[in-house]
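Trainee: Each chain is listed here by its residues.
Protein chains: 4
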Amino acid sequence: MKEVQIGMIGYKFMGKAHSHAYRDLPMFFPDAPAPVMNAICGRDEAGVREAAKRFGWAHAVTDWRELVARPDIDVVDINAPSDAHKEIAIAAAKAGKHLFCEKPLALSLADAREMLAAAEAAGVKHMAGLNYRFAPAIRLAKKLIEEGRIGRIHHFRAVFLQDWLVDPAFPLVWRLKKEVAGSGSHGDLNAHLIDLARYLVGEINEVAGMSETFVRRRPIAESMSGLNAQGSADGPSGEVTVDDATLFLARFAGGALGSFEATRFAAGHRCTNGFEINGSEGSLRFDFERMNELEVYFTGDADDVQGFRRVLATDPAHAYMEAWWPPGHTIGFEHTFVHEALELMEAIRDDRQPEPNFRDGIRCQEVLEAVDISIAERRWVAIAELKEDDHD
Amino acid sequence: MKEVQIGMIGYKFMGKAHSHAYRDLPMFFPDAPAPVMNAICGRDEAGVREAAKRFGWAHAVTDWRELVARPDIDVVDINAPSDAHKEIAIAAAKAGKHLFCEKPLALSLADAREMLAAAEAAGVKHMAGLNYRFAPAIRLAKKLIEEGRIGRIHHFRAVFLQDWLVDPAFPLVWRLKKEVAGSGSHGDLNAHLIDLARYLVGEINEVAGMSETFVRRRPIAESMSGLNAQGSADGPSGEVTVDDATLFLARFAGGALGSFEATRFAAGHRCTNGFEINGSEGSLRFDFERMNELEVYFTGDADDVQGFRRVLATDPAHAYMEAWWPPGHTIGFEHTFVHEALELMEAIRDDRQPEPNFRDGIRCQEVLEAVDISIAERRWVAIAELKEDDHD
Amino acid sequence: MKEVQIGMIGYKFMGKAHSHAYRDLPMFFPDAPAPVMNAICGRDEAGVREAAKRFGWAHAVTDWRELVARPDIDVVDINAPSDAHKEIAIAAAKAGKHLFCEKPLALSLADAREMLAAAEAAGVKHMAGLNYRFAPAIRLAKKLIEEGRIGRIHHFRAVFLQDWLVDPAFPLVWRLKKEVAGSGSHGDLNAHLIDLARYLVGEINEVAGMSETFVRRRPIAESMSGLNAQGSADGPSGEVTVDDATLFLARFAGGALGSFEATRFAAGHRCTNGFEINGSEGSLRFDFERMNELEVYFTGDADDVQGFRRVLATDPAHAYMEAWWPPGHTIGFEHTFVHEALELMEAIRDDRQPEPNFRDGIRCQEVLEAVDISIAERRWVAIAELKEDDHD
Amino acid sequence: MKEVQIGMIGYKFMGKAHSHAYRDLPMFFPDAPAPVMNAICGRDEAGVREAAKRFGWAHAVTDWRELVARPDIDVVDINAPSDAHKEIAIAAAKAGKHLFCEKPLALSLADAREMLAAAEAAGVKHMAGLNYRFAPAIRLAKKLIEEGRIGRIHHFRAVFLQDWLVDPAFPLVWRLKKEVAGSGSHGDLNAHLIDLARYLVGEINEVAGMSETFVRRRPIAESMSGLNAQGSADGPSGEVTVDDATLFLARFAGGALGSFEATRFAAGHRCTNGFEINGSEGSLRFDFERMNELEVYFTGDADDVQGFRRVLATDPAHAYMEAWWPPGHTIGFEHTFVHEALELMEAIRDDRQPEPNFRDGIRCQEVLEAVDISIAERRWVAIAELKEDDHD
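Each protein sequence line maps, in turn, to chains D, R, Z and A.
Using numbering that gives the first Met the number 0, you'd call the opening residue of the first sequence number 0 and step up by one each time.
Using numbering that gives the first Met the number 0, you'd call the opening residue of the second sequence number 0 and step up by one each time.
Using numbering that gives the first Met the number 0, you'd call the opening residue of the third sequence number 0 and step up by one each time.
Using numbering that gives the first Met the number 0, you'd call the opening residue of the fourth sequence number 0 and step up by one each time.
Don't read these hints as lab results, they were simulated from the structure.
Here the structure is a predicted model, which means the values were calculated and not measured.
Hints should not be assumed to be uniformly reliable.
No copy labels: a pair is met if it fits in one copy or bridges any two.
As the list claims (entries may be wrong) - In silico DSSO-like cross-links for lysine-lysine, where the CA-CA straight-line distance does not exceed 30 Å: (1) K11 x K176; (2) K52 x K141; (3) K177 x K386; (4) K1 x K386; (5) K1 x K11; (6) K141 x K177; (7) K176 x K1; (8) K141 x K93.
Turn these sequences into a full structure, and let the hints steer you where they fit.
Mentor: Given below as C-alpha cells:
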C-alpha cells in the first residue's frame, strides 16, 4: 500500500490542522503510506471551495453523504461540530470507510458506543483524534513509565488552563452551547487530560467532581473560527449552557491518586495543558506551552545532584525527531497531528487498530460522564456504574 | 513597652526556628518591643540545657508547669508535639500569659475551641503559628488582592509537596503516629494551604476529599529531629496511622473553586508549598522553594506584552524588606518566623489580637475536619456542619 | 503576480527547511504570491531525485548551470555549501534571476561584495537567508524597540551555544574544514547573532575577539546530513581547521556595549541562540530553545510588581500568528523559514528589496571579518577599516 | 580555643551583614569557636552607638586606632569604605591582630600587596571578604569540579547585573567616586566574578576589556546606606568618575575561555550574579537571585533524559545545610556571611590561613588592574605583566 485516499468533513480549526498534517506527512515520513487529499466537505459552498483550494484538496463537496458514498475514499476524517459525529461515523462505517474522528467522539457515551459498534460491525479502522499523545515529550514520558524508570505511580495531577472566557464580553460562541458542544471545558479540555492519564497511568476507577459557570450570559456571536470570535456587548445576549470550569478527584485502578482541572478562566494561560506524575522512582512534568520539554526526576540520582532535569525532547533518542530537524530545533502544536496521521497510515498499512481508537474515546467519555453524574449527585461515582455488561 | 519576656516549650525544629526569630528581631526591627529569651522547657534535661545554651535562653526547665508559673514570663510559646498543646495553653492562659502556639493548635477542633475559650476568658493575646503568611511575596499577594488588582477570584489551586516518605525504609517517626501528630500530610501541610487560602481568598463553604497511605508499615525509628530520622529496615516495624497524601476540592464563600493537595510522596519536591490564584483581572503564582518570588499576571497589560511577571519581592516596595538587605538580596525560610514574632510583639504593644490568632487556627481546623468527614463518609461536607451555634 | 517559480540548489538541512517553507506558504499565507517548486539541483543524481520526490519539486537536475539557465525560473535559491555560493549567485544574477542565498553569503567579504554588485547590476532581488529574524518573538522585540518602549539601549549580550563537538570522537565533517565552510562557530553561529544585533540594536563600530579550537584532530567522517554524522574513532583522523568557539566584545554606533559568544562546546545546549538587551526603559530576553517566548521588563511598571514577563508570542497581537493557530499553540523552528519565504514573495510582488538582503549579509560579513582580524592581530578593529570607499 | 574577640570598623551594609553573622554563628555552628562582639568603630558617634546597641556590640568607639590598640581584640574586621582599608589593616597587623577585610582589599594592587606584606610580617591570619564562595550551591559547584564530574573546563561566562543606576536621577553616592570607591561596577561586581572564576576554574592568564560610563553627571547625594540613597534632580550635580559597566574576555591558564560582564545598567536585574561553566563532561549554572539552586548537566546521562537538573542545594549532601533547616527550606544572602565567619573562626582555631585570604584578594586585584590597563591601552594584557618578581 502506497497511498490512502482521504475524505474530510469539517474545515475550521481541526480541519486546518488535519489538512496540514496530510500535506507534511509524505515529506517527513516518506516510508509510511501517503495520504491523498481527495475530497473535503462543508455546508457552506464558498467556504469549502476556498478551504479546498487553500489546504490542497482535490475536490470540495457540501453534502457529507456524497463524500461518504465516493468509491475513491478510504478514510473518512470527521472534524465537524460534535453533534454531527455520530451520524456521519455510522454512515461511513457502513460504507466500509476507515474512520478518523475528532474528540469528543459524540455528545454522549451511548452515541459513542453506537459508533464503535458500527465500526466493529463493518470491520474498519477507527481512530480517535487525541493529538497530545503524539508530542515527542509525551512519548518520552510513556517510555520512561513503561520501562519502570519512574516506578510505581502515586500521583497524577493535571490542569488544562485557558483564559479566553475571562472577559465577560466574549461572545456566546458554539462551544458555549450544550446542544452543539455537548459540554464546556470538561469535554473540551478534561477529555485531553483523561486521555493522557489513561495513556500514561492507566484506567480510572472512581471520580468526584465540581463545576461552575462563572459568567452565565454572554453577547450573541456573529461568527467564530478557532478560538477567535466577534460579538457586541451592546447587542442581545444568550445563556451559557456549559461549564466554564470542571475539577475532579480520581482514584486509578493502579492505586494512584488523581487531580484534574479544566478551566477557561485561568487568566494568563493561553493553553497550559500540564501535568505532573510522581512515582516511587521518579517524577515527570509537562506543560504544553513548552511542548518540546519534559522535566524528569530520578530518586536514584547521586545524593548531591538530585533535581528535575529539563529534557528537550528533540534528540534522535526521542520519538519522531529524526524525521524533523537537528537537536535543539523545536517543533510546534501542528506536528502532533502529523504524528497522529502517521499512526493512522501505519495502522491501515499494518492492518491493526490505531491508537488511540474509538475504545479509547469511549473510555474517556465514561470518565467524563461519571464526573457529570458525580457533580449532579454530589457523590463519588465508580466508572463501573457506566459499564455495559455485554459490551466493553 | 520595651521588652517582652518569653518562655518557650519545645526545642526541636520549631523551637530552633522560633529561637532564631527572637534573636534576630531586635537587630532588624529595633522599633518593636524586644523579645527576651527568658526560659526554655523540654522534658530531657540534658537536651534542654544544651538547647538553652546554643539558642541563647537564660534558663532551662524540664517541667512546663514551672515555666508557666514563672512571674517573669509574658508570653508562653508552645511548640511541643501537638498532643501537648491543649493542656499547656489552657494552663498558661489561666496564669495570664499571652499564647503563641504552633499549628495545629490541637488534635481536634473541640480541643482547639477549648483553648480559644480559655484565652478569651483570661483576656490574653493568642497567636497561631502559621508562618507562611509572613513571606514578603505572600504579603504582596495579599496587597494585590486587597487592592482589587487581581479582580474577582475564580480559582485557587494549591499543593504542598514533599518527598521524605517516598523511600519505604524511612522510619516510623512521631509524625506518622495519629495519637501524637493527629494527622499526617493533611494536618501538617494542608493546614498551611488552608490558612493561605483563607488569608488570600476568604472562607471556604464546603469540601470533598480523598486520602491515601501508600506505605502502611515502616521500620521503628530511634530518634527524630526536623525531618531527619534514623531507623533500620531490618528491625521491627510499626503501623503508619496517618495519611501520606490528602487531596480535596473546595468551594469558597466568594464563589471561587479550590483544589488542595498535600503529599509526602512527590518525588523531587523537598518542600513545594505552591499555589496559583486566577482572578478576573489577573493571576498570582507562588512556590515556597523560590519564596522570594511572586509571579503576577494582569489582564490589563498591553496586548502584545501580556505574560506572567517574575517579581522578586526584595524591593523597598515589599513588606519587611527595608529591614533586611538591598534589592535582589534574598531572604530564607527562617525570616518568616522573624516577621511572625514581629507581629506578636506589635500586637502585644498595641493591645490587639495578633493575626493569625486562635480563631484562624480554629477556622483552619474546621476545614481539616470537614475534609476528614468527607473522606470517611464519601460526600461533600459543609463547614457549617461543624459550627457551634453559640460560639464561632 | 500570483506565482513565483523557484529553482533551488542544495537539498540537505537548509534545502529541506526551504522546501517545507514553500510547501506551507500558500496554505497559511494565501494572499502572498505562491512559490512554485519547479526545479531542485544537487550533484548526486540519485540523491537529488529522491529529494525532489520527497520534498515535492517538479524537476531534478544535477548541473546548477542548467538550473540557472532555465527560462521558467524566477528565483534561484542557493543553499549549497558555502564555497559554491559566489559562482552560482553571480551566474544567476546575470541570467536575470532573483537571488535567495543562505548565510554566509560567501567565504569572504570580497566575494560577498562581488555578489551584491552582480545582483545590483542585474537589477534583481537579493535576499540573505537569516531566518531567526522571522520568529514572532523576535518581531515583537523589534517592535518594542522601534516604538521606544525599551528606551535607549545600553547592553546587548548574546550567545549561540551548541554542544555537538564536545565529544572528541565526533568526526571531521565539512563544517570543520575551512576551505569548505569558511569558518567554524564564528561564521555559522555568530553570523546569526550579528544579524540579530544589527536588526535590533543597529550597526557595530568596533570589535575585539578571541577564539579557540579545543579539539584539533578528529576522525574522518563518511557522511553528514544536518548535524548528524558517522565516523570511526579508530580510523584515520584529520585536522580541524576552523574555530570551535569565538567570543568578541563590541561597541555599537548607538553607544551600546555588546558581548557575543559562539561555541559548539557548551555541554547541555543543543541550540541556545539567546540574547538579552538592556535599555533605559526596559529589557528583553530571548532563547531560541523557547522560541515562542520573549521575556520583557519595563522600568515603568508599578513599584511593587516589577519583573520580567514571560510573553508567549502566539497572540493575534504578534506577527504572523493569526495565520497559524489559536493563542498558546506554539510553532517551531521551521516556521521561521515560512515567514522568510513570505518576505521574499512579498518583496518580489511589491518590487522592493527583501529584508534581510545581500547588504545585510555583507554588513554581517564585515563584522565577522573584523573579529577575525582582531583575533589575528590581538587588537580592537574598527568596522570602518573594512569599508570600501566607493561602495558601501 | 572557645571564643574569638572581634573588633569591627564600619557599620553600614557590610557591617550589618558581618554583625549578623557573628550573632548567628554560635547558634548554628556550635562546634566552632564563638565570635565575641566586643567593639565596633565608626566616625559618627551617635551612629556607631546606635549600631552597637542594635547589632549587639559591647563597646562603641569612634577612633579606629583605639580599637586596633585594644588588648582584648583578636580579630579586626575592616568594612569601612575602601580608601581606609590599607592604613587600618597595616596598623592592625602591627598590633598583632588577625585581619578580616572586605573586598576590594585596597584602592590599588600596590596597596593590597603592602597589606599582605604587613600581615605576613606580623604572622597573623588574613581573610578577604568574598562571601559568594560560601553559598552552598557554589560549594557544590566546587565539589563537582574537583571530583572531575564536569571534566575539563572549556568555558566560563559570568555576569553581575544590577540596575540601580538606570535612572539618571539616582544621586552621586560614594560608590560613584573614584577617589573613595576606587572603581565602579568593575571593582564592586567583577571582583566577585573573578574570585568565583579563580575558585572554580583557576588562574587567568590574559584579559581584554571595555568599559563605559553611560550617565556622566548625577545629582549630589545627601546620604546613602546600602544601595538606597536620597538626592534631588534639581540641585547641584557632580561628575561620575567610575565605570557604569565593564566587560572583558579572558583566557584561563587551564585553557578555558572566559567572558565577564559587570553593569549597574541592566534594567530588571536587582542582583544577578550568575555564571555558567561548560566542561567536557558536563555543565554548571548559577544565579544568585536563586542562590539555593545549582543547575547541573552531565554528558554521561542516558541518551533520552539529558538535561540541566535544577538542584536545590538544601539537602544534607550539601555544604553547611545540616546546620540550618530541613531539605527544601531555603536560606538567603546573609547566610553566606555566617559561613564566611565560620571559615575565619576555624582557620584561627586550626592555625591556618583562611580561604579566601589576602593572596586571593591580590590575585583578584591583579586581574582587575590588568583589565583597567587593557581598557586604557586597547590591547590584551597578560596578568604576568603585573607580577612582582620577588613576591607573588
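Trainee: Decide, hint by hint, whether the structure agrees.
Mentor: The hints, checked one at a time:
Taking identical chains as interchangeable, the C-alpha atoms of K11 and K176 lie at most 30 Å apart only when both belong to the same chain, with a minimum of 18 Å there against 49 Å between chains. Proximity of K52 to K141 under the C-alpha cut-off of 30 Å is found in neither arrangement, the shortest distances being 38 Å within a copy and 34 Å between copies. Taking the closest pair of Cα atoms, K177 and K386 come within 30 Å of each other only inside a single copy of the chain (24 Å); across copies the shortest separation is 39 Å, beyond that limit. For the homomeric pair K1 and K386, neither the shortest alpha-carbon distance inside one copy (40 Å) nor that between copies (57 Å) is at most 30 Å.
Taking the shortest alpha-carbon separations for K1 and K11, both the intra-copy value of 28 Å and the inter-copy value of 25 Å come in at or below 30 Å. Taking the shortest alpha-carbon separations for K141 and K177, neither the intra-copy value of 34 Å nor the inter-copy value of 37 Å comes in at or below 30 Å. Taking the shortest alpha-carbon separations for K176 and K1, neither the intra-copy value of 42 Å nor the inter-copy value of 41 Å comes in at or below 30 Å. Taking the shortest alpha-carbon separations for K141 and K93, neither the intra-copy value of 35 Å nor the inter-copy value of 56 Å comes in at or below 30 Å.
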